[in-house]
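Asks: Chains as they are written, first to last, in my numbering: chain A, 10 to 225; chain B, 48 to 139.
Read the hints as simulated data drawn from the structure, not as lab findings.
Treat the hints loosely; a few may be bogus.
Distance condition first, Cα-Cα at most 27 Å in a straight line; then the derived DSS-like pairs of lysine-lysine [what the hints assert, rightly or not]:
{"#": "1", "chain 1": "A", "residue 1": "LYS81", "chain 2": "B", "residue 2": "LYS102"}
{"#": "2", "chain 1": "A", "residue 1": "LYS139", "chain 2": "B", "residue 2": "LYS74"}
{"#": "3", "chain 1": "A", "residue 1": "LYS128", "chain 2": "B", "residue 2": "LYS102"}
{"#": "4", "chain 1": "A", "residue 1": "LYS44", "chain 2": "A", "residue 2": "LYS81"}
{"#": "5", "chain 1": "B", "residue 1": "LYS102", "chain 2": "B", "residue 2": "LYS74"}
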Amino acid sequence: MSGHDHEHSHTPITNGDEPAAAARAAALEELLVEKGVIGREDVRQRIDWIVSRSPADGARLIARAWVDRDFKQRLLADARAAALELGLDPGPSPVVVALENTQAVHHMVVCTLCSCYPKALLGPPPDWYKSLPYRSRAVSDPRGVLTEFGLELDDDVELRVLDSTADIRYLVIPPRPAGSDGMTEEELAALVSRDSMIGVSQPSAPAPGGGLVRHS
Amino acid sequence: MRYRVGQRVRVAARPHEGHHRTPGYVKGKSGSVERVHAPFTNPETRAYGSDGLPKQPLYLVGFAQRDVWPDSRGHAGDRIYVDVFEHWLEAE
Numbered sequence: 010m011s012g013h014d015h016e017h018s019h020t021p022i023t024n025g026d027e028p029a030a031a032a033r034a035a036a037l038e039e040l041l042v043e044k045g046v047i048g049r050e051d052v053r054q055r056i057d058w059i060v061s062r063s064p065a066d067g068a069r070l071i072a073r074a075w076v077d078r079d080f081k082q083r084l085l086a087d088a089r090a091a092a093l094e095l096g097l098d099p100g101p102s103p104v105v106v107a108l109e110n111t112q113a114v115h116h117m118v119v120c121t122l123c124s125c126y127p128k129a130l131l132g133p134p135p136d137w138y139k140s141l142p143y144r145s146r147a148v149s150d151p152r153g154v155l156t157e158f159g160l161e162l163d164d165d166v167e168l169r170v171l172d173s174t175a176d177i178r179y180l181v182i183p184p185r186p187a188g189s190d191g192m193t194e195e196e197l198a199a200l201v202s203r204d205s206m207i208g209v210s211q212p213s214a215p216a217p218g219g220g221l222v223r224h225s
Numbered sequence: 048m049r050y051r052v053g054q055r056v057r058v059a060a061r062p063h064e065g066h067h068r069t070p071g072y073v074k075g076k077s078g079s080v081e082r083v084h085a086p087f088t089n090p091e092t093r094a095y096g097s098d099g100l101p102k103q104p105l106y107l108v109g110f111a112q113r114d115v116w117p118d119s120r121g122h123a124g125d126r127i128y129v130d131v132f133e134h135w136l137e138a139e
């Protein structure tokens with residue numbers, strides 16, 4: 010005899026408008042605080058830190074790499090040190106690896122096990138990055154995923170998918186767009202989208218006129 | 048560090064109860080060491096309140112997309128790279 014055979018005359022048991030995941034997170038936080046594992050101040054500080062980060066920081070790294078070949082080599086050798094060189098906070102991860110996209114090789118990043126992401130340099134990950142469809146299909150059908158993002162790679166481009174399963178964080182250095190000669194580092198940084206640093210899109214094309222304001 | 052860059056390795060096919068960071072889709076698959084990262088605390092014990100010691104060396108292992116997904120629609124040269132701890136790797 011199942012306990013679910015009774016008439017459901019009562020109202021459904023819900024948690025108001027709060028999503029189940031939010032209720033679960035709140036319950037976990039209560040328990041962790043009660044057991045002294047974390048303090049409420051730790052949680053508040055961590056949230057403050059995450060929301061203070063943005064892709065603008067990563068874009069500064071990329072723009073500098075586009076205009077300074079030596080800096081790009083240092084970024085590829087040790088992205089943490091390169092971020093510190095620009096006064097950026099590379100975050101708690103001990104190793105950040107930058108990977109360069111070229112005409113011949115295209116990198117894209119996923120975390121199939123959860124949502125590992127270079128938050129310090131790119132801000133909080135987008136919802137799609139944490140979604141099950143992206144996490145599963147980025148490894149099993151990456152070219153199909155890229156097509157859905159509007160990026161069709163040429164047949165001769167080697168596609169490399171990076172699954173960040175552990176302590177390393179990966180950042181993509183997208184190719185400098187054509188027509189961006191003569192732009193300042195700041196103007197170049199504005200072309201670097203978050204998604205291009207994950208490797209699911211290319212940087213924006215410069216506006217006609219190369220982004221230079223002309224006064225006549 | 049037991050393995051070196053370029054060396055062929057196979058990911059252990061063993062099941063594992065509880066938290067671990069070796070994705071199921073590469074278990075039993077063969078690839079080659081792309082990077083030797085560094086030793087890191089072991090997430091399999093750290094997840095349960097321990098200090099995660101002794102540290103385990105971490106490698107970036109590269110696989111041919113078609114070795115991992117035989118029905119892959121990708122191109123012959125497409126590759127997938129996964130960070131794998133040393134105790135999940137076997138020499139080929």
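Asks: Check whether the Cα positions of LYS139/A and LYS74/B lie no farther apart than 27 Å.
Replies: Roughly 23 Å separates the two Cα atoms, so the pair holds.
Asks: Can the restraint linking LYS44/A and LYS81/A be considered satisfied, given a maximum Cα separation of 27 Å?
Replies: Violated, at roughly 46 Å.
Asks: Between the alpha carbons of LYS128/A and LYS102/B, is the straight-line distance 27 Å or under?
Replies: Within the cut-off at roughly 24 Å; holds.
Asks: Given the hinted pair LYS81/A and LYS102/B, is their alpha-carbon gap at most 27 Å?
Replies: Status violated; Cα separation ~31 Å.
Asks: Between LYS102/B and LYS74/B, is the straight-line Cα distance small enough, at 27 Å or below?
Replies: With a Cα-Cα distance of about 21 Å, the restraint between LYS102/B and LYS74/B holds, given a limit of 27 Å.
Consistency with the previously given hints fails for numbers 1, 4, ordered from lowest to highest.
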